[in-house]
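Chemist: Use the sequences and the hints to build the structure in full.
Here the protein sequences line up with chains A and B, keeping their order. Residue numbers for the first sequence follow our numbering, so the first one is 1 and each next one is one higher. Residue numbers for the second sequence follow our numbering, so the first one is 116 and each next one is one higher.
A portion of the hints provided could be inaccurate.
Stated by the list, open to error - Under the rule of at most 30 Å between Cα atoms (straight-line distance), these lysine-lysine pairs were calculated in the BS3-like manner:
id	chain 1	residue 1	chain 2	residue 2
1	A	K44	B	K173
2	A	K83	A	K62
3	A	K44	B	K176
4	B	K164	A	K44
5	A	K11	A	K83
6	A	K44	B	K186
7	A	K44	A	K71
8	A	K62	A	K44
9	A	K15	A	K78
10	A	K44	A	K83
11	A	K15	A	K44
12	B	K186	B	K173
13	B	K186	B	K176
14	A	K83	B	K176
15	B	K164	B	K186
In short, the hints are calculated from the structure, not lab data. Since the structure is predicted, the reported quantities are computational estimates derived from the model, not experimental observations.
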Amino acid sequence: EAGVAQSPRYKIIEKRQSVAFWCNPISGHATLYWYQQILGQGPKLLIQFQNNGVVDDSQLPKDRFSAERLKGVDSTLKIQPAKLEDSAVYLCASSQSRQGRETQYFGPGTRLLVL
Amino acid sequence: AQSVSQHNHHVILSEAASLELGCNYSYGGTVNLFWYVQYPGQHLQLLLKYFSGDPLVKGIKGFEAEFIKSKFSFNLRKPSVQWSDTAEYFCAVNAGGATNKLIFGTGTLLAVQP
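Modeler: Set out below in structure tokens:
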């Protein structure tokens with residue numbers, strides 16, 4: 001079974017530029033998550049989708065971050081404009097459903113450096 | 116708000132030593148508890164999880180964790196570590212409900228010396 005795919009793996013941009021990340025979840029998984037992991041911290045949920053609808057985006061900085069999951073499969077996360085403090089690893093995860101007991105499967109992440 | 120504390124940020128052990136990593140959470144209701152591991156150069160993967168029943172749960176690679184409700188703890192243990200256990204370990208909790216939102220601790224970096 002293929003895992004969660006993410007691209008690109010690494011990205012370096014200058015502040016105020018824009019950047020986009022892509023995620024392809026495990027086939028059949030209805031729930032998709034984007035997490036931000038800053039160096040020295042654990043992952044923090046940014047947004048959660050159930051199929052193509054948003055379940056939780058309470059921690060998403062909506063003035064600069066946006067995300068979509070068209071057709072309930074792939075998802076993109078965008079930052080525009082980027083700030084220095086956005087430097088982090090952006091993790092995508094998926095699960096079969098949003099029940100609390102479901103295991104979340106993580107992708108390899110996209111490491112972003114904002115200069 | 117829910118939070119997770121991992122008190123050991125860095126742990127260095129020799130092979131065959133015993134391991135115990137602490138994890139405490141703050142939430143008064145029913146919780147689901149997880150330990151994830153990230154080996155060097157790899158993605159986060161599930162080590163073990165607890166939902167209900169026997170508070171001692173066994174995971175992959177000889178790891179186990181004990182849920183102590185009165186102490187709000189979910190400590191990870193392994194009787195004898197190997198060099199290949201070198202990794203970062205994350206404790207996580209969710210309170211179920213409408214979402215499956217995981218709250219992670221800050222992680223513990225374990226280095227096992229051969």
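Chemist: Look at each hint and say if it fits the structure.
Modeler: Against the structure, the hints:
The suggested pairing of A/K44 with B/K173 holds, with an alpha-carbon distance near 26 Å, which does not exceed 30 Å. Our distance criterion of 30 Å between C-alpha atoms is met by A/K83 and A/K62, whose separation comes to about 13 Å. In summary, the hint linking A/K44 to B/K176 is supported, as the alpha carbons are separated by about 27 Å, within the 30 Å threshold. About 19 Å separates the Cα atoms of B/K164 and A/K44, which keeps this hinted pair within 30 Å; it holds.
With a C-alpha separation of about 14 Å, the suggested pair A/K11 and A/K83 falls inside the 30 Å cut-off, and the hint holds. The straight-line distance between the Cα atoms of A/K44 and B/K186 is roughly 24 Å, inside the 30 Å bound, and the hint therefore holds. Pair hint A/K44 plus A/K71 holds up; C-alpha atoms about 25 Å apart against a cutoff of 30 Å. Annotation: proposed proximity of A/K62 to A/K44 holds, straight-line Cα distance about 15 Å (limit 30 Å).
Pair hint A/K15 plus A/K78 holds up; C-alpha atoms about 14 Å apart against a cutoff of 30 Å. Restraint check: the Cα-Cα separation between A/K44 and A/K83 comes to about 18 Å, which is no more than 30 Å; the hinted pair holds. Straight-line distance between C-alpha atoms of A/K15 and A/K44 comes to about 22 Å, which keeps the hinted pair within the 30 Å bound. As the CA atoms of B/K186 and B/K173 are separated by approximately 20 Å, the hinted pair is consistent with the 30 Å bound.
For a cut-off of 30 Å, the pair hint linking B/K186 to B/K176 stands: about 26 Å separates their Cα positions. Restraint check: the Cα-Cα separation between A/K83 and B/K176 comes to about 40 Å, which exceeds 30 Å; the hinted pair is violated. Taking the CA atoms of B/K164 and B/K186, the gap is near 18 Å; set against the 30 Å cutoff, the hint holds.
Violated hints amount to a single one, hint 14; each of the other numbered hints is respected by the structure.
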